[in-house]
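A.B. asks: If you want the building blocks of each chain, they are given just below.
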Amino acid sequence: MLYKLEFGDLLPYWDVLLQGLVFTIVLTVVSTVAGIAVGTAGASARTFGPAWLGRVVVVYVELIRNTPFIVQLFFIFFGLPAAGVTLSETTAAFIAMVINLGAYSTEIIRAGIQAIPKGHIEAGVSLAMSKWEVLRHIVLNQAFRKIYPALSSQIIIVMLGSSVVSQISAQDLTYAANFVASRNFRNFEVYLLAALAYLLLAMLTRSLLRGLGRIIFKAE
Amino acid sequence: MPLVSIRDVRKSFGALEVLKGVSLEVEKGDVVAIIGRSGSGKSTLLRCINGLEAYQSGAILADGIEVGGLHANLRELRRHVGMVFQQFNLFPHLTVAGNVMLAQTVVNKTPKKEAREIAAEVLAKVGLSEKMDAWPSQLSGGQQQRVAIARSLAMRPKVLLCDEITSALDPELVNEVLRVVEQLAKEGMTLILVTHEMRFARDVGTKLVFMHHGRVHEQGAPKEVFAAPKTPELQQFVGSVA
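Top to bottom, those sequences are chains A and B. Its first residue numbered 1, the first sequence is counted upward by one per residue in the numbering used here. Its first residue numbered 1, the second sequence is counted upward by one per residue in the numbering used here.
In short, the hints are calculated from the structure, not lab data. The model shown is predicted, which means the values in this text are computed figures rather than measured ones. Do not rely on the hints blindly, as some may be mistaken.
Unchecked claim - In silico BS3-like links for lysine-lysine, alpha-carbon gap of 30 Å or less:
no., chain 1, residue 1, chain 2, residue 2
1, A, Lys218, B, Lys109
2, B, Lys230, A, Lys118
3, A, Lys218, B, Lys207
4, B, Lys20, A, Lys218
5, B, Lys125, A, Lys118
6, B, Lys158, B, Lys207
7, B, Lys113, A, Lys131
8, B, Lys125, B, Lys28
Start from the sequences, fold in the hints, and give me the full structure.
C.D. replies: In structure tokens form, the structure reads like this:
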């Protein structure tokens with residue numbers, strides 16, 4: 001038996017799908033910016049901060065990197081209300097994404113920091129720069145150059161992983177696809193379309209990040 | 001008052017005592033050459049002077065600032081005590097001018113335009129005016145080290161510490177760096193150098209310090225000390241490097 005493709009059946013739902021796509025993009029952009037900020041702070045604290053703060057960061061990173069994202073998401077959305085913290089599905093999705101990328105990027109950025117020769121730090125300190133000035137102008141600056149490709153990959157992983165937030169009915173692209181499929185039963189068409197959208201989004205993100213990298217890190 | 005005064009400094013790495021009571025006075029305009037075998041404590045002593053290494057007892061006063069004090073203002077100290085390293089340590093993400101301007105703009109809050117003028121001036125002094133906008137990776141080792149010297153000079157230090165600054169260079173590049181240092185000495189810059197360049201130590205130095213097993217074993221005017229070393233250890237050392 002042959003299955004007859006009917007993409008036309010998706011047309012009435014174009015606005016739902018588009019809204020889902022926009023949500024996924026916004027979710028990715030916001031959690032990338034905030035997640036990298038968390039990662040930068042975490043990596044800096046582990047390498048340049050006091051020992052106790054470093055230990056706090058280790059616990060955070062290990063906790064997040066060794067548990068599934070969906071469990072983290074469920075804990076924040078379904079678990080926290082028991083502790084008196086009730087969040088909307090959208091807020092919970094954003095928080096979970098930031099916490100997740102924050103932990104992974106902490107490790108990536110830390111690797112970059114550790115790759116900076118100790119002599120550069122001593123040179124900066126000998127020029128009367130404070131620890132934080134050295135971190136900002138000499139260490140992080142170079143570290144980001146080194147880990148930019150790894151960080152770019154992680155951003156794409158997080159973007160694709162964001163489809164999980166549909167499970168708490170945050171209205172992303174996957175949620176929209178689920179919704180459409182439940183209405184017109186065109187599972188094949190709608191998930192194929194969603195897959196293509198994610199694929200395009202991933203490729204677009206990659207080339208955008210590459211271009212951005214060229215602008216930020218001028219030739220040396 | 002001496003510019004740098006070191007009194008009975010002791011320093012250990014764990015159980016290993018590397019400085020066993022070192023005393024040394026450096027006057028303004030002195031060019032002090034510290035020589036000795038590897039492991040004799042020369043570099044550690046130098047690193048103690050600008051607070052890169054902490055010491056356990058004794059005292060170091062540099063430009064009137066107590067280096068080892070609990071609340072030592074190391075930042076203020078390092079504005080007056082520059083340091084150049086064996087490995088150059090240029091910042092690869094900045095141009096030559098960027099390297100020389102960074103601490104000026106960040107630490108001294110010098111406006112960019114003025115910082116660039118100072119950069120041009122100190123780079124001219126080390127003979128690298130035409131390399132202002134080059135990247136460190138495009139320079140030879142000797143050129144990189146001269147940029148590192150210029151970078152320190154831009155902070156207008158009162159004393160410059162040089163930690164084996166020609167040891168990582170190809171032999172044919174050593175002289176261009178030594179010539180710059182010699183010129184600085186002629187202009188009256190106070191210099192403390194850990195070096196293996198014995199001829200340079202003898203010809204340019206105003207004071208020679210021979211370190212041995214964590215102590216100042218022998219010191220004096222370079223020409224006299226080299227001509228007639230008193231202790232057998234220095235005799236042997238001079239014999240082995242000559």
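A.B. asks: Now tell me if each hint is right for this structure.
C.D. replies: Against the structure, the hints:
1. Between Lys218(A) and Lys109(B) the alpha-carbon distance is near 25 Å, which keeps this suggested pair within the 30 Å criterion.
2. Simply put, Lys230(B) and Lys118(A) have alpha-carbon atoms about 39 Å apart, too far for the 30 Å limit, and the pair is violated.
3. A distance of roughly 46 Å separates the Cα atoms of Lys218(A) and Lys207(B); the hinted pair therefore is violated under the 30 Å criterion.
4. Using a Cα cut-off of 30 Å, the hinted pair Lys20(B) and Lys218(A) is violated, with the two alpha carbons roughly 49 Å apart.
5. Restraint check for Lys125(B) and Lys118(A): the C-alpha separation of about 28 Å stays at or below 30 Å, so the hint holds.
6. For the proposed pair Lys158(B) and Lys207(B), the alpha carbon gap of about 18 Å is at most 30 Å, so the pair holds.
7. Of the pairs offered as hints, the one joining Lys113(B) and Lys131(A) holds, with about 25 Å between alpha carbons and a cut-off of 30 Å not exceeded.
8. Only pairs whose Cα atoms come within 30 Å are accepted, and Lys125(B) paired with Lys28(B) is accepted, the gap being roughly 21 Å.
Checked against the numbered hints given earlier, the structure breaks hints 2, 3, 4 and satisfies all the rest.
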